[in-house]
Amino acid sequence: MMPDFGLSGFRMLALALTVSLAGCAAKGPAALPPGSADADKFLFDRGTERAKERKWLESREYFRNLVDNYPQSSYRPDAKLALGDTFISDGGTENLLLAANEFRDFLQFYPTHPRADYAQLQLATSFTEQMLAPERDQTATRDAIKEIEIFLQRFPNSKLMPEARAKEREARDRLSEANYRVGFYYFRVRWYPGAIDRFKDLLASDPNYTNRDAVYYHLAESLYRSEADNGQAGKKAEALPYFERLLKEFEKSEFLALAQKRVSELKAGS
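For the record, in the sequence shown the residue sitting at position 159 is 175 according to our numbering, with numbers rising by one throughout.
The hints are simulated quantities; they were obtained by calculation from the structure and are not laboratory data.
Each residue gets a CB set at the ideal place from its N, CA and C atoms; glycine is no exception.
Please note that a few of the clues may not be correct.
Stated by the list, open to error - Derived Cβ-Cβ restraints for the label pairs, each shown as a range:
| no. | residue 1 | residue 2 | range |
| --- | --- | --- | --- |
| 1 | 220 | 276 | 18 to 28 Å |
| 2 | 284 | 216 | 23 to 33 Å |
| 3 | 128 | 254 | 44 to 54 Å |
| 4 | 123 | 223 | 42 to 52 Å |
| 5 | 276 | 173 | 39 to 49 Å |
| 6 | 125 | 220 | 31 to 41 Å |
| 7 | 176 | 217 | 23 to 33 Å |
| 8 | 127 | 272 | 43 to 53 Å |
| 9 | 124 | 168 | 15 to 25 Å |
| 10 | 124 | 272 | 49 to 59 Å |
| 11 | 162 | 107 | 37 to 47 Å |
Said to hold, decoys possible - Computed list of lysine-lysine pairs in DSS-like fashion (alpha-carbon distance at most 30 Å, straight line):
| no. | residue 1 | residue 2 |
| --- | --- | --- |
| 12 | 283 | 216 |
| 13 | 162 | 216 |
| 14 | 216 | 277 |
Starting from the given sequences, assemble the full structure and let the hints guide the process.
Below is the structure:
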């Protein structure tokens with residue numbers, strides 16, 4: 017009787033192990049082969065496989081097991097990064113916040129690791145993925161810019177620099193667009209002093225703003241119109257350089273014809 021019970025128990029254990037390997041989302045740690053000498057490698061490989069299949073929750077089970085239970089493993093740093101990557105890929109505000117925590121932890125524990133630049137850039141990405149439309153709150157945009165600036169300072173020779181620059185431009189454009197829309201609102205309601213201040217601040221903080229042609233035009237037009245509305249001397253003369261910068265820096269812009277008309281008018285009257 018005892019041998020049959022033992023054999024039955026062994027078969028049940030084997031079956032349970034097979035099921036756990038097929039669906040590790042519920043029993044991730046049970047998927048580890050008992051007594052395996054390469055348990056950390058097994059966990060990393062399985063986590064990587066699940067990530068390639070876009071099974072983010074299952075992938076995280078494996079990576080989390082490795083990170084939490086094998087602190088001396090050579091796979092641990094990469095598993096920590098992969099864990100953060102799955103949160104970004106999974107998406108959603110909660111997952112992106114969890115991703116930020118993973119990358120911050122990595123940078124705290126492995127500040128000189130060869131992939132620290134990747135961790136810093138992914139930390140920034142966790143915020144660029146949370147950026148809202150220009151008319152909404154820009155806290156995530158500012159956080160993204162802050163983390164990208166840290167990357168640029170710490171890793172000037174990183175191979176990831178082109179990607180970092182692209183993300184920086186995306187984030188700065190989003191923030192500048194938000195500021196431009198405030199200035200444009202002031203322009204539409206004819207509060208030109210407010211528009212002028214907002215547009216000048218924008219150009220000072222982000223001189224490479226992608227859509228600065230609109231800023232040049234509406235700043236110049238605000239200066240031009242403020243003189244007509246308020247009888248202020250010298251504003252038209254101050255407007256001319258911005259119209260000219262628009263013509264010089266942009267071969268294509270919806271404001272070119274309007275700017276050229278103003279330039280001709282201002283120069284004819286000088």
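We went through each hint and held it up to the structure:
A hinted range of 18 to 28 Å for the beta carbons of residue 220 and residue 276 is consistent with their spacing of about 26 Å. A hinted range of 23 to 33 Å holds for the C-beta pair residue 284 and residue 216, which are about 26 Å apart. Under the hint 44 to 54 Å, the C-beta atoms of residue 128 and residue 254, about 51 Å apart, fit the expected range. For residue 123 paired with residue 223, a C-beta distance near 30 Å fails the hint of 42 to 52 Å.
The hint said 39 to 49 Å for the Cβ distance between residue 276 and residue 173, and at roughly 44 Å that hint holds. A C-beta distance of roughly 39 Å is found between residue 125 and residue 220, which places it inside the suggested range of 31 to 41 Å. Checked against the given bound of 23 to 33 Å, the beta carbons of residue 176 and residue 217, roughly 31 Å apart, stay inside it. For the pair residue 127 and residue 272, the supplied restraint of 43 to 53 Å holds, since their beta-carbon distance comes to about 50 Å.
One distance hint, 15 to 25 Å for the beta-carbon pair residue 124 and residue 168, holds here, with the actual separation near 20 Å. Evaluation of the 49 to 59 Å hint for residue 124 and residue 272 yields a pass: the beta carbon distance comes to about 51 Å. Checked against the hint of 37 to 47 Å, the pair residue 162 and residue 107 fails, with Cβ atoms roughly 22 Å apart. Taking the CA atoms of residue 283 and residue 216, the gap is about 23 Å. The hint holds against a cut of 30 Å.
Between residue 162 and residue 216 the CA atoms are separated by roughly 22 Å; this keeps the pair inside 30 Å, and the hint holds. Between the alpha carbons of residue 216 and residue 277 the distance comes to roughly 22 Å, so the proposed pair stays at or under 30 Å and holds.
Checked against the numbered hints given earlier, the structure breaks hints 4 and 11 and satisfies all the rest.
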